[in-house]
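Colleague: Each chain, letter by letter, is given below.
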Amino acid sequence: MTVTKVILAGMTVLLLAAGPALAEDRVLTMSTTTSTQASGLLDILLPEFRKDTGIEIKVVAKGTGAAIRDGMDGNVDVIFVHAKGREEKFVEEGYGTRRYAVMHNDFIILGPPADPAGIKGMEDASAALEKIAAGDAQFISRGDDSGTHTKEQFLWKSTDLKLIQQTQTIVKKGQEVVVTSITPADSDDWYISIGQGMGKTITYTDEKEAYTLADRGTFIKYKYGKTPAVDLEVLSEGDEALSNPYGVIPVNPKKYPHVRYDMARDFAEWITSKRGQKLINDYRLEGKQLFYADAIDVDQL
Amino acid sequence: MLYNIRNLKRVHGDSTILDIDALDLDSGRICTLIGPNGAGKTTLLNILAFLDMPTSGEICFMDEPVRFNGTRLHQLRQKVTLVAQYPILFTGSVRRNIEYGLKLRRLAVPERREMVERVLDMVGMSRFIEADAHKLSGGETKRVALARALAIEPQVLLCDEPTANVDTENQEIILEILKRCNREQNVSLIFATHYLSQSTRLADTTIILQNGRLTLNTRENVFQATLMEKYGERRIYRLGSRLTLEVEAQRSARCGQRCTVTIAPEKISLHRAETVDEKAANCWFGTIKRLEKLNVDVKMTVDCGIEVQVLQPLSEYQGKPLFLGEKVALTIAVDDVVLS
Amino acid sequence: MELLLDSLYSAFLLFISFDPELFEIVGVSLTVSSLSTLVASLIGLPCGFFIAFTTFPGKRFVITVLNTLLALPTVVIGLVVYSFISRRGIFGPLELLYTQKAIIIGQVILIVPVIATLTIAAISRIDKRYRSTALTLGANELQMALVIFREAKYGVIAALIAAFGRAIAEVGIAMMLGGNAKGFTRTMTTAMALEYDKGEFVLAVALGCILLAFAFFINMLFHFFQGRTDIDAV
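Chains as they are written, first to last, in the numbering used here: chain A, 1 to 301; chain B, 1 to 340; chain C, 1 to 234.
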């Protein structure tokens, strides 16, 4: 009896404590990618946003695919991801109202300091990938349908290499759907798809002394923010094709009436405002700039 | 000599389960081990089977001191086998059970098959050869266990209550098998029993165990008795329908309570009936029913309403011989009776 | 409900189309888990047998430790093994990380306690009389141990099935030590985790259905080898 009473009392206290938060109802749920969350930018942005608007944002971090999927299922109010093509499709299909271009960072090709493929200093990403494919070195692919993976597949397509397309047929809402992925042909020896997040992929690549495509933010964390630091180095950067734009999309209230569209729009507008953009541009990770504001001209900040 | 035991003790925790000063057993004989529950019969059998270790003391097996460690013990175990009171059969068929000991001895398949059939035939279980061992009844299990033990042709066969929990018909079968083994194959047989009749019928030697001690190392005289009367330190027991026995109080008991009385046969004095006062205490009258010469002794069975065994040195007997059918009186000294 | 139906149908489609990727994944899972179970049984069975069979000071403590190890999270095992076999670890030069061997090492650590404790339980349940019966029929210590083992067969097989189930169903070790490399160390569970991350729930659940189907199939095989008549004795 006593135990039950204690438990009930405890639950009551918890409910009362949680009550104000629930009652206030100024909470927005946002899905984003693990790399966005891992960059630490949200830890700067969201408290400022709350200060300005009183809106609290609950962040659910997943792979790009799952993050978008959360938006398509109406599980979240807004998505903040970096896969431009898919974001546009998301809007086209009516799941989102519009895409707000927020910022970009860039992808880099990492490899071991010894650089057996000899790509160091190459700006042309496609050419660098071709050299990796020609050599004995291994390439680690995230293979998780993430933004980085999408970018990697795009880059392979831009090379002269022969590619193969793998398909799987599955069923969604009773309809057969074909899922495809692209890999270089005859790459069993050197192309390894591990289906994991960016951080894991970087450590994996480091362990295997292989090459990979990574976003700069995660790399900086693993290179400068951790002991032991990874040995990997940036071997190829600067190609226009390596740019990684981020977008914010409020989920369409016409599709899911329960979403908090007003607050989601407030967030999108705030982050693309001068205040939001400045915070993004000033953000430093291990002393290095990570993101470049896209919504407003840099000179105006 | 098969076994020579000296100063053997088996202690478990605080209690002494066995405490035997000296025990010698001949080979090729049938020896029964009797005594109430908890007397240490099973423990003794386990030690004789080299499955349990004495806490102290010595055992010689075939004049070789037994050391309860090392590989030699395994060789000794191969000569001796024990059939437990509640034997357990291995999972599988009856055949597999019986073959087990033979496989361990690396017997060739045809010989193995022949032996399995032979021993199963002996115990009358031939038609169960392929039966699931765990689906047999208690009596069947016991017979298969016996067959399993016989199959390995041991030099010594130890049986713990071979006829307990077995119906009368099977009891006879089992006893007959045991007797045959002893006679035909010269297997030394030691079995624990609480049936006195079996002991009388079969045994060359009877060991009586009581509270872990050997009470008497020879023949039996174990009777059921009822306490009739008490006065002072004396107790009067009744045995059978009309015999009374006066003994020293050995423990507290109520009138009407039953107990077991053991009288050492060599401690009973025999007299011609007419020379004894009929009213003397502990004096029983009867007729000599059987006479037998055992080595240096004469064993007489006197029918006093119950059968009493009396053992007399041959020299004494020859001094005043008694004849079959002769009326005699036996007197029993008060301190020569053991109650249990 | 829709998800489940879609998934079941997808699993069926994948299965009948002999999707090579799927079979590769299933193959890796089965190989790795079988080898783990094999290696773990070579360690766990004798250990369990020894502990159940002998008395030594601290036996109770050893059993308690083994029972505690049953609750060892796969992540902890993954981390510890990782620190040993990473390129910077002591066994780094062996290049074990992100190989099937690495998963097997981790899973062996995971399931040895399972096999050992269940073996101890199985052996302890066996009637003590088997021991003396075997000895009195002329068995030496090893032969007697084999008798006990045979009598404890069902319990021991159950231990192996449980261990195999634990190995094939775990995801932490396979992910951390195997690295989910497609075609090399991608198991059914890591593939499911990946499909979940990708938001492909249908595929994730479809893989789950196939995992269950294989687990069921393997358990049926075990039962088949035990023999029909023995099932009621389990």
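Keep in mind that the hints were calculated from the coordinates and are not lab data.
Wrong hints could be hidden among the right ones.
When the alpha-carbon atoms are kept at most 30 Å apart in a straight line, the in silico DSS-like pairs for lysine-lysine are as follows [said to hold, decoys possible]:
| id | chain 1 | residue 1 | chain 2 | residue 2 |
| --- | --- | --- | --- | --- |
| 1 | B | Lys-103 | C | Lys-101 |
| 2 | C | Lys-128 | B | Lys-9 |
| 3 | A | Lys-200 | C | Lys-101 |
| 4 | B | Lys-135 | C | Lys-128 |
Per label pair, the in silico range of CB-to-CB distance [unchecked claim]:
| id | chain 1 | residue 1 | chain 2 | residue 2 | range |
| --- | --- | --- | --- | --- | --- |
| 5 | C | Ala-121 | B | Arg-234 | 34 to 44 Å |
| 6 | C | Lys-128 | B | Gln-257 | 28 to 38 Å |
| 7 | B | Ala-131 | C | Gly-183 | 28 to 38 Å |
Listed next, the stretches of chain B that the computed footprint assigns to chain C, with coverage defined by at least 3 CB atoms under 8 Å from CB atoms of chain C [to be verified]:
| id | segment |
| --- | --- |
| 8 | 2–8 |
| 9 | 43–52 |
| 10 | 87–94 |
| 11 | 147–160 |
Each residue gets a CB set at the ideal place from its N, CA and C atoms; glycine is no exception.
Colleague: Going through the numbered hints above, which ones does this structure break? Give me the numbers in ascending order.
Modeller: Hints 1, 5, 7 and 8 contradicted; others consistent.
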